[in-house]
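Q: Each chain is listed here by its residues.
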Amino acid sequence: MNGEAEMNSGDAILMSIRGLSKRFPGTQALDEVSFDIRRNSVHCIIGENGSGKSTMIKILTGALERSGGELSFEGRIYDPKSIREAMSEGVTALYQELNVVDDLTVGENLTLGREKSRLGMIRSGEIPPTLVENLKSLDETIKLSDRVGDLSVAQRQVIEIARAISTDCKMLIMDEPTAALSEEETGRMFKVIRKLSAKGITIVYISHKLSEVFEIGDRVTVLRDGRVVGDRTVDEIRNGSGCDSESEACHELIRMMLGKVVQEEYVPSRNRTEETLLEARKIRTGKLKDVSFELRRGEILGFYGLVGAGKTEIAQVLYGIDPFQGEILMDGRPVRLSGVSKALGAGITLIPEERRADGIFGELSIRENIPMMRMEKVLRNGIINRTLENQLADRSIKSMSLATNSREKKVSQLSGGNQQKVVISKCLNRESTVLLMDEPTRGVDVGAKQEIHDIIRNLANQGKGVIVFSSELPEILQLCDRIVLLYEGAVRTVLDNGRGLDGDRIMALVAGREASA
Amino acid sequence: MKKLTSLLLIACLAAAVLTGQTVKTNYTVGHVVYDLKHQYHQAVAKEIVDYGKKLYGAKVIVLDGKGDSGEILKAVENLIAQKVKAISVHSPDQAMTLAAIKMARAKGIPVVTTLVWPAEKIAPHVQPLETPSSFLMGQRAAQQWLAANPGKPCRVAILDFGKFPPVEVLRTTPFWEGVKAVDPKAVLVTQLNGQGDTTKSMEITLDILQANPEVNIIFGANDEMALGALAACEQIGRGKMANGKPLTEVIAGLDGNVSAMIKIFDPNCSFKLTHGAVKDVARAEMDTMIGMLTGKIDPNKWSETQVLSKVTDYWNSTVEEAQVFLQDNFLYKGNLKDDIAKAAKK
Amino acid sequence: MGANSRPIQVDRQKIVLISILAAIIAVMSFLSPKFLQVSNFQNILLQLAPLIIIASAANLLMITGNFDLSIGSVLAFCAIMHAFLSKQGVPIGLSIVICCVLAVLWGVSNGIMVGVLNVNPVIATMGTMYAARGFAFLIARWDGGANISAGLPGNFSDFGRTNLFGVLPIIIVFMVIVVALFIFIERKTVLGRYSFAIGGNRRSSVLSGINVPGMMIVLYSLVGLLAGFCGVVQVSRVGSGFPNIAEGMEFDVVVAIVLGGTSMLGGSGSTAGMILGAFIVGTAANGLNLLNVPYFYQTITKGLLLIVSVFTDQAIRRRG
Chain G
1 MNGEAEMNSG DAILMSIRGL SKRFPGTQAL DEVSFDIRRN SVHCIIGENG SGKSTMIKIL
61 TGALERSGGE LSFEGRIYDP KSIREAMSEG VTALYQELNV VDDLTVGENL TLGREKSRLG
121 MIRSGEIPPT LVENLKSLDE TIKLSDRVGD LSVAQRQVIE IARAISTDCK MLIMDEPTAA
181 LSEEETGRMF KVIRKLSAKG ITIVYISHKL SEVFEIGDRV TVLRDGRVVG DRTVDEIRNG
241 SGCDSESEAC HELIRMMLGK VVQEEYVPSR NRTEETLLEA RKIRTGKLKD VSFELRRGEI
301 LGFYGLVGAG KTEIAQVLYG IDPFQGEILM DGRPVRLSGV SKALGAGITL IPEERRADGI
361 FGELSIRENI PMMRMEKVLR NGIINRTLEN QLADRSIKSM SLATNSREKK VSQLSGGNQQ
421 KVVISKCLNR ESTVLLMDEP TRGVDVGAKQ EIHDIIRNLA NQGKGVIVFS SELPEILQLC
481 DRIVLLYEGA VRTVLDNGRG LDGDRIMALV AGREASA
Chain A
1 MKKLTSLLLI ACLAAAVLTG QTVKTNYTVG HVVYDLKHQY HQAVAKEIVD YGKKLYGAKV
61 IVLDGKGDSG EILKAVENLI AQKVKAISVH SPDQAMTLAA IKMARAKGIP VVTTLVWPAE
121 KIAPHVQPLE TPSSFLMGQR AAQQWLAANP GKPCRVAILD FGKFPPVEVL RTTPFWEGVK
181 AVDPKAVLVT QLNGQGDTTK SMEITLDILQ ANPEVNIIFG ANDEMALGAL AACEQIGRGK
241 MANGKPLTEV IAGLDGNVSA MIKIFDPNCS FKLTHGAVKD VARAEMDTMI GMLTGKIDPN
301 KWSETQVLSK VTDYWNSTVE EAQVFLQDNF LYKGNLKDDI AKAAKK
Chain R
1 MGANSRPIQV DRQKIVLISI LAAIIAVMSF LSPKFLQVSN FQNILLQLAP LIIIASAANL
61 LMITGNFDLS IGSVLAFCAI MHAFLSKQGV PIGLSIVICC VLAVLWGVSN GIMVGVLNVN
121 PVIATMGTMY AARGFAFLIA RWDGGANISA GLPGNFSDFG RTNLFGVLPI IIVFMVIVVA
181 LFIFIERKTV LGRYSFAIGG NRRSSVLSGI NVPGMMIVLY SLVGLLAGFC GVVQVSRVGS
241 GFPNIAEGME FDVVVAIVLG GTSMLGGSGS TAGMILGAFI VGTAANGLNL LNVPYFYQTI
301 TKGLLLIVSV FTDQAIRRRG
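Chains as they are written, first to last, in the working numbering: chain G, 1 to 517; chain A, 1 to 346; chain R, 1 to 320.
Treat the hints as calculated values from the structure; they're not laboratory data. Cβ atoms here follow ideal geometry from the backbone N, Cα and C, with glycine treated the same way. There may be inaccurate statements among the hints.
Unchecked claim - In silico BS3-like pairs for lysine-lysine, Cα to Cα no more than 30 Å straight-line:
| id | chain 1 | residue 1 | chain 2 | residue 2 |
| --- | --- | --- | --- | --- |
| 1 | R | K34 | A | K240 |
| 2 | R | K87 | A | K46 |
| 3 | A | K163 | A | K185 |
| 4 | R | K34 | A | K152 |
| 5 | R | K34 | A | K245 |
| 6 | R | K87 | A | K333 |
| 7 | A | K180 | R | K34 |
| 8 | R | K302 | A | K163 |
| 9 | A | K337 | A | K46 |
| 10 | R | K87 | A | K337 |
| 11 | A | K163 | R | K34 |
| 12 | R | K87 | A | K240 |
| 13 | R | K34 | A | K185 |
| 14 | G | K342 | R | K188 |
| 15 | A | K342 | R | K34 |
| 16 | G | K81 | G | K143 |
Unchecked claim - The following label-pair restraints were derived from C-beta to C-beta distances:
| id | chain 1 | residue 1 | chain 2 | residue 2 | range |
| --- | --- | --- | --- | --- | --- |
| 17 | G | P334 | R | S263 | 41 to 47 Å |
| 18 | A | G237 | R | A26 | 27 to 33 Å |
| 19 | R | I112 | G | N390 | 54 to 60 Å |
| 20 | A | N268 | R | Q88 | 25 to 31 Å |
| 21 | G | G447 | R | F184 | 39 to 45 Å |
| 22 | G | E65 | R | L138 | 40 to 46 Å |
| 23 | R | R12 | A | K245 | 57 to 63 Å |
| 24 | G | E65 | A | K74 | 46 to 52 Å |
Unchecked claim - To list a few chain R residues with every Cβ distance to chain A over 12 Å, as calculated:
| id | residue |
| --- | --- |
| 25 | I24 |
| 26 | L48 |
| 27 | G93 |
| 28 | A131 |
| 29 | I148 |
| 30 | V173 |
| 31 | L305 |
Sequences are here, hints too, so could you generate the full structure?
A: Below, the structure written as structure tokens:
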């Protein structure tokens, strides 16, 4: 935005990040990340899910400790131990989950939690004038007496922003602020961001939506698998790399985000049939709008859409977790999916998205995890038989190429990819005909990703019906025979994979920018 | 001597009540029970209600102190709020009792205390004469043991409520002194907290007898603990008498409830003595409350109504006497002889 | 160090417990000549038997991340009910069966509240704790007093005081059977495996199709059954029924289980550890009784023992 200002002096750099690393058990979330955030710029950070964006925000705001690297802020070493400490240095974040109380008024929300800001005393009801001014300057339509619950999401965000900048805020980190906003509200939010910029506040803007980068960004850093793969000014991208349209520039960014697009070739499933295995008719929930589709025996069906498009909701309906209206048929017969056991009984198994929270039993060994969904396999006379259990575990370790030195190893000590293989083995033991795979390779390294894809293809070739829910477009393009595109809870279109299907068009469709084909 | 005066006192009170003014009132008074879980306290509360209604036409509100000072104080506050005419409190907490008396008095409500006197003696009090009876039981236990086992001096174990001072004064110390008066060579081997509970006392007695197998007199400061001690003895093959002749040990309890009586009159069981008073205590409490309300007793001055705590033992009492005692005191409706026979039958 | 650290930690923790127990035994043997005797260990076993029997099931329940505060009350309820029924002329054997069935019903009600209606286990079982205790007093009241002792049949105490082969008290025999059964359940059955699964990751368990509410009902019923059964044995040993027995027993059970290394959050623990925990508490209490140590010091010792043991365990885990 203010390109000229930042060139003036060494003072131009507000925050410098050098060699920042963060290791979680099983994954390297950030790997030697280095870049600078310039004073008074709008700095965008983009990347796929799992690329390390949220880990980075958490480190910058003191919510998470780093494993290595150095940070400096305004030329001084920056090492916040808590969110409060980061705030006192001038770094504040606006998270996706809003921190406002719906039942209080705007005024009450503004003073909420700020009681300690001055000598520990602010009488309730007394709002510091700077706060009121900030709010006015950002959005004059909000009144102090309004009940927050009656305001729009964007307006509620403005309240949080006003609160955030009232403490001497120099850098405001916004984590996908437009994810839940309508187009009109998004426009208003951009106005707010420009006003903040005019006040001299540096914005770090995290987003999925590439068009936004071009609209408000000055500079963009692209993360992939915990590494920086691009760090340029928006103008450079627009002009420098020979792109003459915004859509080509978008493509350039997508390429950076995804790496070499399509490493694996799409291989059609060998035993595809026209026989319908599962059919969903007009599924309707709070989020889903009349979703209908069918899954055929021997195929891999992909569901793709942006965050919040409804992928997880469909998986939960099919696995009996969420109640719904509509009809689901298995082999042509209607089934009642009023609980997980009903879904399992009908022959549907879910391999869940959050494997740590929903899939594995971390404190138990591989051997104990694998038969968990079908204990009959390891029982003899109703008693757990160690030999059967060992055999089953060894078979799974072999067929999944699970990298471990012992079947007795606790699953929590395995890498992300191997954990996912344990979850898949556990679910496959159920021998269901329909497999739902929600983000099957999230947080898994490249090699394991390839292996898991092969496992999925194999399942389809064995005549099962597989549904893959993924927010990684390359994965969808590599794996799926047919692709259902979701946009805001509705089916946008269903595409056959194969020649001529390109990422740009899909991106446009799921971003709602192009009418369905 | 002391016993005689107290008997006289009771007689006088009873006479006054029976002869003269059977004051029919519509008073509502309050009674705070120490802990309604105990048979003894249940029986006292029942007697106060029945006696108060029958004799004075008074209504008694009974509240449970649940064995807790705070609960007892709350109960007193509750009664004050209900504007009762007088309150009787049975609490082991002397300081708290004093506070309760002052609180009630501030609202013009007189209070009578029972068994455990308040920290300052400023109000009428009903005192069961437990000390002499406990002493007497100690004497008798020692006499019987020595008569049957002349070569074996007395070795005493006591189960109490955790060295709680009024219990020391009224029960454990006089019992031990009674034993010593008979057998100068007697030794108090141990005194542990049975928490007033049968199961706990059973477990602790097992340990006591392990460490000190020579123990031959056990006193439980209530019948529940004495029964627990008996169960422990029986578990390890003791607890026996040969037709009233001590073989393994002599056990004494306190309160005099049915469970105790059944054992006491079983000639082959070693639980043999107990003492207690329910009816007379309850009546004295009720009489004192009415006395304060009718001006016969000064509610602001210490005065003590003494009540005999009757000793029952195998050697000096008859089953018939015990039957009467249980009927009078514990609202017993059964036939003690039958119950003893039933329990002894195998 | 990552690979196999966990199993080593578990063993270390058992070693700590065994060391503490050995230290107590050594000190007590030194201080009291009566301590190191067969009859004394029989005493300790007699005192610990009801606790260990109930804690066997409660341990599995805590492995799922739940507890039962109604143990003492259900025990008292069944104790007094057994006395009541026996007095009414119901044959002893039949009365025992009826009481066990009632105990299971208390457990089922806990299980339904926690597993199906998702009431917080502390609240749900605290409700049962009050209700069962209240009924215990009520039954005594029906009988016409504060306890049930008069009018019990002469053979009432036979069951609880039976000695197998003339030497082994029946409750110790039951203890051995129950412990063996629960070690088997823990290691060799679906029930045991699912308990670890639910405690380790409840959401994963639901998504894996494990019938979590059903499991809760089964486990709470087992705890109830054993509590009720111990009530029957205890009342028979004592020879008269008191509604106030076993007050606070639930906490003794929790202490033994937690000392034994079972996490309050669930997911880990073992029957063997629980037994060690129970023995640490029981041996210490027994030794202090032998030494005539007054009750308040005993309570202080119990508290210190719990804190020191758990702290040592945590320190070792953190270092490992």
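Q: If a hint holds in the structure, say so; if it does not, say that too.
A: Verification of the supplied hints:
1. R/K34 - A/K240: 23 Å, holds
2. R/K87 - A/K46: 24 Å, holds
3. A/K163 - A/K185: 24 Å, holds
4. R/K34 - A/K152: 21 Å, holds
5. R/K34 - A/K245: 29 Å, holds
6. R/K87 - A/K333: Holds: R/K87 and A/K333 sit about 15 Å apart, inside 30 Å.
7. A/K180 - R/K34: Between A/K180 and R/K34 the Cα gap is close to 27 Å, so the pair holds against 30 Å.
8. R/K302 - A/K163: 19 Å, holds
9. A/K337 - A/K46: 25 Å, holds
10. R/K87 - A/K337: 16 Å, holds
11. A/K163 - R/K34: 25 Å, holds
12. R/K87 - A/K240: Judged against 30 Å, a Cα distance of about 24 Å means the pair holds.
13. R/K34 - A/K185: 23 Å, holds
14. G/K342 - R/K188: Distance of about 27 Å is within 30 Å: holds.
15. A/K342 - R/K34: Given that 30 Å is the threshold and the Cα spacing comes to 38 Å, the pair is violated.
16. G/K81 - G/K143: 36 Å, violated
17. G/P334 - R/S263: 41 to 47 Å: 44 Å, holds
18. A/G237 - R/A26: 27 to 33 Å: Given range 27 to 33 Å: holds, Cβ gap about 30 Å.
19. R/I112 - G/N390: 54 to 60 Å: Since R/I112 and G/N390 have Cβ atoms about 37 Å apart, the given range 54 to 60 Å is violated.
20. A/N268 - R/Q88: 25 to 31 Å: 26 Å, holds
21. G/G447 - R/F184: 39 to 45 Å: 42 Å, holds
22. G/E65 - R/L138: 40 to 46 Å: Violated, since G/E65 and R/L138 (Cβ atoms, about 58 Å apart) do not stay within the stated range.
23. R/R12 - A/K245: 57 to 63 Å: Hint holds: Cβ distance 59 Å, inside 57 to 63 Å.
24. G/E65 - A/K74: 46 to 52 Å: 51 Å, holds
25. I24: 15 Å, holds
26. L48: 10 Å, violated
27. G93: 16 Å, holds
28. A131: Holds, since 16 Å exceeds 12 Å.
29. I148: 9 Å, violated
30. V173: Consistent with the label, R/V173 stays out of reach of chain A, its closest Cβ about 15 Å off (over 12 Å).
31. L305: Per Cβ check, R/L305 is outside 12 Å of chain A; nearest 17 Å; holds.
When each numbered hint is compared with the structure, violations occur for hints 15, 16, 19, 22, 26 and 29.
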